[in-house]
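Protein chains: 2
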Amino acid sequence: MYRIGVDLGGTNIAVGLVDENYSLVVKRSTPTRAERHPDEIAADIAMLCERVCEEKGIKVADIANIGVATPGIADCDTGEVVYSCNLPFRKYPLARKVAEKLEICACKVKLANDANAAAWGEAVAGAAKGSSNSVMITLGTGVGGGIIIDNKIYTGFNYAGAELGHIVIEIDGALCGCGRRGCWEAYSSATGLIRMTKEKIEECKAEVRDSIMLQAERISGRTACEAMRAGDAAGKEVYDKYIKYLAAGLANIINIFQPEIISLGGGVSNEGQSLIDALLPLVRGEQYGNDLLDKDKLTDLRIAKLGNDAGIIGAAALA
Amino acid sequence: MYRIGVDLGGTNIAVGLVDENYSLVVKRSTPTRAERHPDEIAADIAMLCERVCEEKGIKVADIANIGVATPGIADCDTGEVVYSCNLPFRKYPLARKVAEKLEICACKVKLANDANAAAWGEAVAGAAKGSSNSVMITLGTGVGGGIIIDNKIYTGFNYAGAELGHIVIEIDGALCGCGRRGCWEAYSSATGLIRMTKEKIEECKAEVRDSIMLQAERISGRTACEAMRAGDAAGKEVYDKYIKYLAAGLANIINIFQPEIISLGGGVSNEGQSLIDALLPLVRGEQYGNDLLDKDKLTDLRIAKLGNDAGIIGAAALA
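Protein sequence lines correspond, in order, to chains A and B.
Taken in order, the first sequence gives residues -1 to 317; the numbers are from my numbering.
Taken in order, the second sequence gives residues -1 to 317; the numbers are from my numbering.
Note that these hints are calculated values from the structure, not bench results.
For clarity, every value in this text was computed on a predicted model and none was experimentally measured.
Hints are supplied without guarantee of correctness; some may be wrong.
The list treats identical chains as interchangeable, and a pair is accepted whether it falls inside one copy or across any two copies.
List time: in silico DMTMM-like cross-link candidates among lysine to aspartate or glutamate, alpha-carbon distance up to 20 Å [to be verified]: (1) Lys293 / Glu78; (2) Lys295 / Asp75; (3) Lys293 / Asp73; (4) Lys293 / Asp75; (5) Lys295 / Glu78; (6) Lys293 / Glu52; (7) Lys239 / Asp170; (8) Lys234 / Glu224; (9) Lys242 / Asp170; (10) Lys150 / Glu258; (11) Lys95 / Glu53; (12) Lys89 / Asp289; (13) Lys25 / Glu78; (14) Lys150 / Glu101; (15) Lys89 / Asp294; (16) Lys203 / Asp73; (17) Lys89 / Asp292; (18) Lys234 / Glu197; (19) Lys303 / Asp17.
Whenever a hint applies, use it, and build me the whole structure from the sequences.
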């Protein structure tokens, strides 16, 4: 039986038809145009659900369930989006609205926070498949977190938990988008990496010190890493600092959860195994009781597998 | 039916008989003398179990179960103490050894980490009673953590999780007992408070600045607070700094878990409600999405209720 997963983002709505093995069979998307009324966004979600079914020649009524991954706080009991920073939702009954458009029972539409859905996707069909306890960290514009405990998404009693990017790791440190200072996100997101890269470039200018990063036309999350690979000392300093903060935050996550697996997703994780290789010695050195545990009792650090489809697949697997 | 709870510490072994309402009926203790062979410690635990039963006129065989709270990593499946920093246990089968001495089935003896057992005690019979998701933070020599999720102790897959004192909150900060720099424990334990008090006293001396703390014969966790209450500016600076770090760490815990209740135990929590009153504005200001959640959806911060008996009661309630 097929399921539908919806990844509702600030930029695009992506909807996928997923089979019983959690493989993505059809995927379609449309711009979110977040300035619209929520009802219009809900209507577009329903429209895409119908379209992916049509393309496979099945009826929406035959779908096992529809899951929607949304930014912000999603109340899984009521099917309401309590709040979302990128979308105009305030206590909006998204599950009911989508169900009404599709003329199905609202009980068939489930909501989850997008980072939680991605973590669930990796747990059922990706890098954390086969484990009961895992954590996914998404290194993108922000640092997102999703926690899986006993094969369930952990959200806290108010569905607002797992904001793992907003653990302060440097008191009075860099300003975070959330308004707090020193959050992990301010250092370990792609945004944090770009900020540290720009700071180093300014430092090089001030010290009349040479760096190939001075020639970069546009500073991205890759600038420092590419410069380092070309033998640039300033680039290596930025990358080493980035790895240091990321490793410290990951050691925090291990000391808190001791999960079987931590998977790393988001743009920065495209560095792949070299990222894991750079992180692992620092993480092991910092985690509590590293030398007391048998090797098979140490958290495994992995690159996430599902890429941008993690949210769709996790949402589809919600029921 | 009665249960027995054992709180095995580096200094004392305390054993209590607990009734069906989780009230402590009889309590006896003996020095641990941690330098002894583990078998001798296990024998003393068994001896105290027999004694508390005798005093109530019941037989050990009639006890529902015995729970042992131990420092370090306790494997709840095998009944082994994997490791303990204060005791000579290395993969020691404590549950089986105690059961053998008492001639009962090893299945009746359960182990838990001491901070986890205390959190469980507060959840079943103390400050977090009636909640399904809570966190207990113990502010003593160290900062201990216990996490209750869905009415169960959360330990991680290897029983080594919930080391909440070992979340780095200031990169490259003060050296922690665990070897890492900048752990929450290095700031928010009584030990951290004493260190900050001593540092301030040295600063006052260097600046030829007056403070009543300069007259203190012995520096304790209360020195700064008492000085502040007497109108001492340097004492207030220390206390404010202590509260700032403690609040930052508690906001981290909320952003991670969004538990219904956080209870604060350990020596520092003897400050009582004035501690909560000092912390709460800072915690609310720093926690993620504070202004988006209804008031009844905000984590409640409370002083723990069971004091030194939390470990015994939580251990007794393990089965």
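Verification of the supplied hints:
no., hint, result
1, Lys293 / Glu78, "between (43 Å within a copy, 17 Å between copies)"
2, Lys295 / Asp75, "between (35 Å within a copy, 14 Å between copies)"
3, Lys293 / Asp73, "between (39 Å within a copy, 15 Å between copies)"
4, Lys293 / Asp75, "between (40 Å within a copy, 18 Å between copies)"
5, Lys295 / Glu78, "between (39 Å within a copy, 15 Å between copies)"
6, Lys293 / Glu52, "neither (50 Å within a copy, 45 Å between copies)"
7, Lys239 / Asp170, "both (18 Å within a copy, 12 Å between copies)"
8, Lys234 / Glu224, "within (9 Å within a copy, 49 Å between copies)"
9, Lys242 / Asp170, "both (18 Å within a copy, 10 Å between copies)"
10, Lys150 / Glu258, "both (14 Å within a copy, 18 Å between copies)"
11, Lys95 / Glu53, "neither (23 Å within a copy, 65 Å between copies)"
12, Lys89 / Asp289, "between (48 Å within a copy, 14 Å between copies)"
13, Lys25 / Glu78, "neither (25 Å within a copy, 50 Å between copies)"
14, Lys150 / Glu101, "neither (29 Å within a copy, 40 Å between copies)"
15, Lys89 / Asp294, "between (44 Å within a copy, 15 Å between copies)"
16, Lys203 / Asp73, "neither (49 Å within a copy, 55 Å between copies)"
17, Lys89 / Asp292, "between (47 Å within a copy, 11 Å between copies)"
18, Lys234 / Glu197, "within (14 Å within a copy, 36 Å between copies)"
19, Lys303 / Asp17, "within (18 Å within a copy, 51 Å between copies)"
Of the numbered hints stated above, those contradicted by the structure are hints 6, 11, 13, 14, 16, listed in ascending order.
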